[in-house]
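First to last, the protein sequences are chains H and F.
Counting with this note's numbering, you get residues 55 to 525 for the letters of the first sequence.
Counting with this note's numbering, you get residues 34 to 101 for the letters of the second sequence.
No lab work stands behind these hints: they were computed from the structure.
All residues carry an ideal CB built from backbone N, CA and C; glycine is no exception.
Treat the hints loosely; a few may be bogus.
With a cut-off of at most 27 Å between alpha-carbon atoms, the simulated BS3-like pairs for lysine-lysine come out as follows [what the hints assert, rightly or not]:
1. 525(H) / 56(H)
2. 76(H) / 525(H)
3. 322(H) / 78(F)
4. 166(H) / 151(H)
5. 486(H) / 322(H)
6. 458(H) / 78(F)
Coverage of chain H stretches by chain F, computed from C-beta distances (three or more under 8 Å per stretch; other residues unrestricted) [claimed, not checked]:
7. 359-365
8. 407-418
9. 451-457
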Amino acid sequence: MKSSEVLELSAAGLARAIRAGKVSCASAMEAVIARAGHVQQGLNCFVRIDADEALAAARLADLELSRGIVRGPLHGVPMAHKDMYYREGVPSSCGSKITVERPAPTTATALKRLDAAGAIQFGVLNMAEFAYGPTGHNYHLGHCRNPWDPERITGGSSSGSGSAVAARASFAALGSDTGGSIRAPATFCGLSGIKPTWSRVSRHGAMPLSFSMDTVGPLTRTVEDCAVMMGVMAGADPLDPTSSRQAVPDYVARLSRPMKGLRIATTKRYFHDNMDPEIESLVQSSLETYARLGAQIVEVDLPDMEAWGHAAVMIIAAEAAAAHANWLRTRPQDYSEQVRARLEIGLAIPATTYLESLRLRGVALQQFSESVFGKADVLHVPSVSFQTPTIAETDVGGGETMMKVMNTITRLTRIGNYLGLPCLSVPAGFAKNGMPTAVQLIGGQFDEATLFAAGHAYQQATGWHLRSPIK
Amino acid sequence: MSSKQASHSPEGVTQMLAVIGVALDPARAATVAATITTYVSGASKAFAAIPFETEPATYLARSAEDAS
Numbered sequence: 055m056k057s058s059e060v061l062e063l064s065a066a067g068l069a070r071a072i073r074a075g076k077v078s079c080a081s082a083m084e085a086v087i088a089r090a091g092h093v094q095q096g097l098n099c100f101v102r103i104d105a106d107e108a109l110a111a112a113r114l115a116d117l118e119l120s121r122g123i124v125r126g127p128l129h130g131v132p133m134a135h136k137d138m139y140y141r142e143g144v145p146s147s148c149g150s151k152i153t154v155e156r157p158a159p160t161t162a163t164a165l166k167r168l169d170a171a172g173a174i175q176f177g178v179l180n181m182a183e184f185a186y187g188p189t190g191h192n193y194h195l196g197h198c199r200n201p202w203d204p205e206r207i208t209g210g211s212s213s214g215s216g217s218a219v220a221a222r223a224s225f226a227a228l229g230s231d232t233g234g235s236i237r238a239p240a241t242f243c244g245l246s247g248i249k250p251t252w253s254r255v256s257r258h259g260a261m262p263l264s265f266s267m268d269t270v271g272p273l274t275r276t277v278e279d280c281a282v283m284m285g286v287m288a289g290a291d292p293l294d295p296t297s298s299r300q301a302v303p304d305y306v307a308r309l310s311r312p313m314k315g316l317r318i319a320t321t322k323r324y325f326h327d328n329m330d331p332e333i334e335s336l337v338q339s340s341l342e343t344y345a346r347l348g349a350q351i352v353e354v355d356l357p358d359m360e361a362w363g364h365a366a367v368m369i370i371a372a373e374a375a376a377a378h379a380n381w382l383r384t385r386p387q388d389y390s391e392q393v394r395a396r397l398e399i400g401l402a403i404p405a406t407t408y409l410e411s412l413r414l415r416g417v418a419l420q421q422f423s424e425s426v427f428g429k430a431d432v433l434h435v436p437s438v439s440f441q442t443p444t445i446a447e448t449d450v451g452g453g454e455t456m457m458k459v460m461n462t463i464t465r466l467t468r469i470g471n472y473l474g475l476p477c478l479s480v481p482a483g484f485a486k487n488g489m490p491t492a493v494q495l496i497g498g499q500f501d502e503a504t505l506f507a508a509g510h511a512y513q514q515a516t517g518w519h520l521r522s523p524i525k
Numbered sequence: 034m035s036s037k038q039a040s041h042s043p044e045g046v047t048q049m050l051a052v053i054g055v056a057l058d059p060a061r062a063a064t065v066a067a068t069i070t071t072y073v074s075g076a077s078k079a080f081a082a083i084p085f086e087t088e089p090a091t092y093l094a095r096s097a098e099d100a101s
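Chain F on its own, in the form it takes in the complex:
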């Protein structure tokens, strides 16, 4: 299990949300943790393609427009 997955155990997620003042229903903690693990690991498979200098493309189209 990777460190990211470990940090998304039901207990870990519940504690983290408590820190920011959100009470997570214990009945949903396992679902939240499993969902995050699924999507984080799914997205991470493509991150190796990102060049080191790349900045977040928050404003994707505008960035391209300004560059052109």
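Isolated chain H (complex conformation):
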């Protein structure tokens, strides 16, 4: 295969091609490193590329294959990850000036499991400073740029993950999602991305932002890739006592679940407030596709969720501020203006408001579940309500409009974090300006399998996910 054809393969597709002997691990690695080097100047999506080590690992993977050894479902697949997944002894920037000075104290469980499945990490990716920004701006590493239009935001905080995977400069990437940090870049960069059920994937060795909202998940070109990676990463981990002991289903085997009989909920409340008409039209088209596939469309009435969105902000702000309090005291000058300003807000939230916001979560989850999952299997809503803004339009620093911009971008995504539910973002078409948008499928606790089946069926029917920004 030509390298340009190899780079268009999904992660699962490349793994199949490698196992079939159509592509060598080394040639796939050479192709993706060359692409990464080619796009880096324009997109600034990489923090570091470890070419020599990765090529050596790829050659070893080829040698193993020649001896009949297949490490796992991702044998030989090159990946780069958000620069907040630790490898012991190696500094992770976390998008900051601070942690880059410090060797990581441990190796992330998610990385260990991807390693064991045969994936080969070849670099680390740009991200919002300390994962605390939804746009893709980074004043230390430089702003990350969207391959569909470099003047427009990638979304964040997993900005490099979105940009690199869309640019065919990585076959998949880890992101993290505390208020929308996987789904925003997936939406703006035209990718699939899953925010799993809270506790489904170990957070050990992942930079903390908000311990009761943080989730680990992938950004990929297909829903099938999300299913493969989640199958590898999900499950109990003694190093993260909050990780779930619930059995992990075979997500890939369940991808072919028929849509006939699946109940998909839609709602007019909250998620459709102040929608851009063009985005609204694409979201409705997506729903019509599901109806054509045989799904039963059910309208549901949601509780008033505006306060839940505020409570989510309170929890993230308070927990992030607590994590950063020592550095805010000793080296405040090393934060960008925006991140410092947001962390300062968290320091002054009343303890009772933080705790009431946490106490409300169970009540909110019960109300939401009764409203949605009493009648349907999946809730179908937009990921964002607006067209992709430019980097300049969202360059608001730490000033008065900062929180308005931040919270507009995460308004539809942070609800999923607050409720702890799995949310899959799936490309749902393109606006007239050529920018992708997405729908969000929200499932019941630990029901990622149903989301993957629904997302996969949609991708078989539409093909939006196959479009590439690389000409």
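Once you have looked at the hints, place chain F on chain H.
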């Protein structure tokens, strides 16, 4: 103005952060205070729905899993 809002005046926030050793730039004090007031009052509207015995659902999914 409620007591919570009053405690989040620019001066109040600046003093509170000083107590814990963080120097708040006076130019940002008003923004910090206004933002906290907005979100605290916004979230508080739903707190009346919380039953008295409810404990914080820090580990939301795990709590539900253990209960099932």
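Results for each hint:
1. 525(H) / 56(H): Holds, because 15 Å separates the two Cα atoms, which is no more than 27 Å.
2. 76(H) / 525(H): Judged against 27 Å, a Cα distance of about 24 Å means the pair holds.
3. 322(H) / 78(F): holds, 22 Å
4. 166(H) / 151(H): holds, 26 Å
5. 486(H) / 322(H): With a Cα-Cα distance of about 24 Å, the restraint between residue 486(H) and residue 322(H) holds, given a limit of 27 Å.
6. 458(H) / 78(F): Within the cut-off at roughly 19 Å; holds.
7. 359-365: With 6 residues close enough to chain F, the hint holds.
8. 407-418: holds (count 11)
9. 451-457: holds (count 5)
The structure is consistent with each of the numbered hints, conforming to all of them.
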